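Q: Sequences listed follow chains A and B, in order.
If you read the first sequence in the working numbering, its first letter stands for residue 1, the second for the next number, and so on.
If you read the second sequence in the working numbering, its first letter stands for residue 344, the second for the next number, and so on.
It is worth saying that the hints were derived from the structure and are not from the lab.
Model, not experiment: these values are computed from the prediction.
Using N, Cα and C, we set each Cβ at its ideal position, and we do this for glycine too.
Some hints here could point you the wrong way.
Stated by the list, open to error - Computed list of lysine-lysine pairs in DSSO-like fashion (alpha-carbon distance at most 27 Å, straight line):
1. B:K402 <-> A:K323
2. B:K360 <-> A:K323
3. A:K316 <-> B:K431
4. B:K352 <-> A:K316
5. B:K360 <-> A:K316
6. B:K402 <-> B:K488
7. A:K316 <-> B:K351
8. B:K352 <-> A:K323
9. B:K402 <-> B:K360
10. B:K431 <-> A:K323
Said to hold, decoys possible - Partial list, computed: chain B residues near chain A (C-beta under 7 Å):
11. M362
12. A363
13. S471
14. L475
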Amino acid sequence: MIETVFFTGSSNWMLNIVFIIIKIAVVIGVTMLHVMYATYFERKVIGHMQVRLGPMRVGPHGVLQPLADMLKLFFKEDIIPANADKPVFKIAPIIPVFATLSSLAVIPFFEGFVIANINIGLLYIFAMSSLSAYGVVMAGWASNSKYSFLGGLRSSAQVISYEVAMGLSLVGVMILSGSLNLSEIVNAQQGYWYGMFLIPQFVAYFVFLVAMFAETNRTPFDLPEAESELVAGYFVEYSGMRFALYYAAEYIGMIIMSSIAVICFWGGWTLPPMLTDAIPALKAVPGIVWFLGKVYFHIFLYYWVRATVPRYRYDKLMALGWKVLIPLALANIVVTSIVKYVI
Amino acid sequence: MTIKDIAKKVFLIEIFKGMALTLRMMFTHAVTRQYPEERREPFPGFRGLHALVRNPDGKARCVGCGLCAAICPSQCINIYTSESKDHKKVVDRYEIEVLRCVYCAFCVEACPFGAVVLTPHFEYSDYSRDALYMDKEKLLSNWDKFMTGKRAEEYFERFWRPKLEDFTTPENQPVFRGKEG
């Protein structure tokens, strides 16, 4: 009984609030753990791809490295430049963390587990991910440093060119599922024997992947924080916990974007019906396993691409966004609509 | 552009090739050597901490000619000599400021008696400057510590052969060697 109340809510609003708070605590706690170990695995994976070892000193094979990093960042001096715009400087790092963490609210991790099952989930995610770019732009402005300013400028330009492509790439998914509710998108994919929109929407998936890298400022599109050109980009002047907030926001953003890719293209917590019909034992595995497995693959993809592809040149990046991705996404929408209408 | 080139560009063939390479590399052994645990002997001829050669009779081999100090590019060798009662040159002080040394080993090459060497020892970092200002006693004890045994003798013989012993052109050098006989 308590389980159904936990997942679907009850008539007692007090109980509902308590359950929602518990859910929020669980989701934030688990996500933060994932963020910590995402940094560790990033260093390990890239290390091994470059034929070196990565962190090895703190704990066996360096597994306690994220804890040590956290402690270090926590006790570091918090420096605010004398010429910085202080209120904006202080608010800026909170915005991306706030935006990315609140995106977690609408993500269905497995059957029935959503903090807020709203009908415009996808739209809400877009809104929140564009909001997090404001943190970057504000940091670039408030630091009063040329490098941060260039980073902020680049970030805003990047957001303009990639948000569009990203939104358009998911329109195909919306057409096929007929909903913006993330749980319903997953359920809609169960209606097909292949169980994933990845197969009919492979063009959209490609566009989404590229836009996903740009959206989270990861290589090859990490222009706002291009180390070799802008020192560290928009967060040059940040130190200690404020820097850690940006770092956390970046990794939470990666997890959110991977989750969206999984939900919209990989069937979320479900497996293709074809597969579950063939091996009924797979139905007994909890959905969170598949969900996390698919998310981990996408996060690995982030690391993999980072270890392989060099940074794009700035004008090439804009050209790719406007001249390739947006036309591709638009063509995909047209074709999907025609096919959907005909069938 | 041929169709092949266009296909290459559209399907990101080069990027996938690169991705395959990095993935393959992920499963190869890392080349990292974890230094304090995994040590490696320096290669023969490695130029580490300085030492003054001690003759079998226990005295320093150095005669105080000052050639090493003269050739030293960073001028970190200080030599003070005096005349003894039986009119022989005595080396009072022989000091090397290790922190300024650039490890070119010109001093070793310049020395006509092979009296100064660079040992393979390289782990001598310290917190004070005094500890790295080597006087004659310290340099001689470096010889005792790091250049003992057969291996060290071979090392000395092979790499820091004093020019005094053979001033000829190496046998394998194709040069005019005068008329035979």
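Q: Less than 7 Å between beta-carbons is the criterion; does A363 of chain B satisfy it with respect to chain A?
A: This hint is violated: A363 of chain B lies away from chain A, its Cβ roughly 9 Å from the closest one there, beyond 7 Å.
Q: The hint names M362 of chain B as touching chain A; please verify it with the least Cβ-Cβ distance against 7 Å.
A: Since chain A brings a Cβ to about 5 Å from M362 of chain B, closer than 7 Å, the hint holds.
Q: Is the straight-line distance between the alpha-carbon of K316 of chain A and that of K431 of chain B 27 Å or less?
A: Violated, at about 78 Å.
Q: For the pair supplied as a hint, K316 of chain A and K351 of chain B, is the alpha-carbon distance within the 27 Å limit?
A: 18 Å, holds
Q: May I ask you to test the interface hint for S471 of chain B with respect to chain A, counting a Cβ-Cβ separation under 7 Å as satisfied?
A: For S471 of chain B, the interface hint is violated, since the closest Cβ of chain A sits about 27 Å away, which is over 7 Å.
Q: For the pair supplied as a hint, K352 of chain B and K316 of chain A, confirm whether the alpha-carbon distance does not exceed 27 Å.
A: 14 Å, holds
Q: Run the distance test for K402 of chain B versus K323 of chain A: straight-line Cα separation, threshold 27 Å.
A: Violated. K402 of chain B to K323 of chain A sits at ~82 Å, over the 27 Å cutoff.
Q: Need the status of pair K360 of chain B, K323 of chain A: alpha-carbon distance at most 27 Å?
A: Judged against 27 Å, a Cα distance of about 25 Å means the pair holds.
Q: Does K360 of chain B sit within 27 Å of K402 of chain B, going by the straight-line distance between their CA atoms?
A: 66 Å, violated
Q: Is K360 of chain B within 27 Å of K316 of chain A, Cα to Cα?
A: 21 Å, holds
Q: Hinted pair, alpha-carbon criterion (27 Å max): K352 of chain B, K323 of chain A. Please report holds or violated.
A: Holds: K352 of chain B and K323 of chain A sit about 15 Å apart, inside 27 Å.
Q: Do the alpha carbons of K402 of chain B and K488 of chain B lie within 27 Å of each other, as the hint requires?
A: With Cα atoms ~16 Å apart, K402 of chain B and K488 of chain B stay inside 27 Å; holds.
In the structure shown, a violation is registered for the earlier hints numbered 1, 3, 9, 10, 12, 13, 14, in ascending order.
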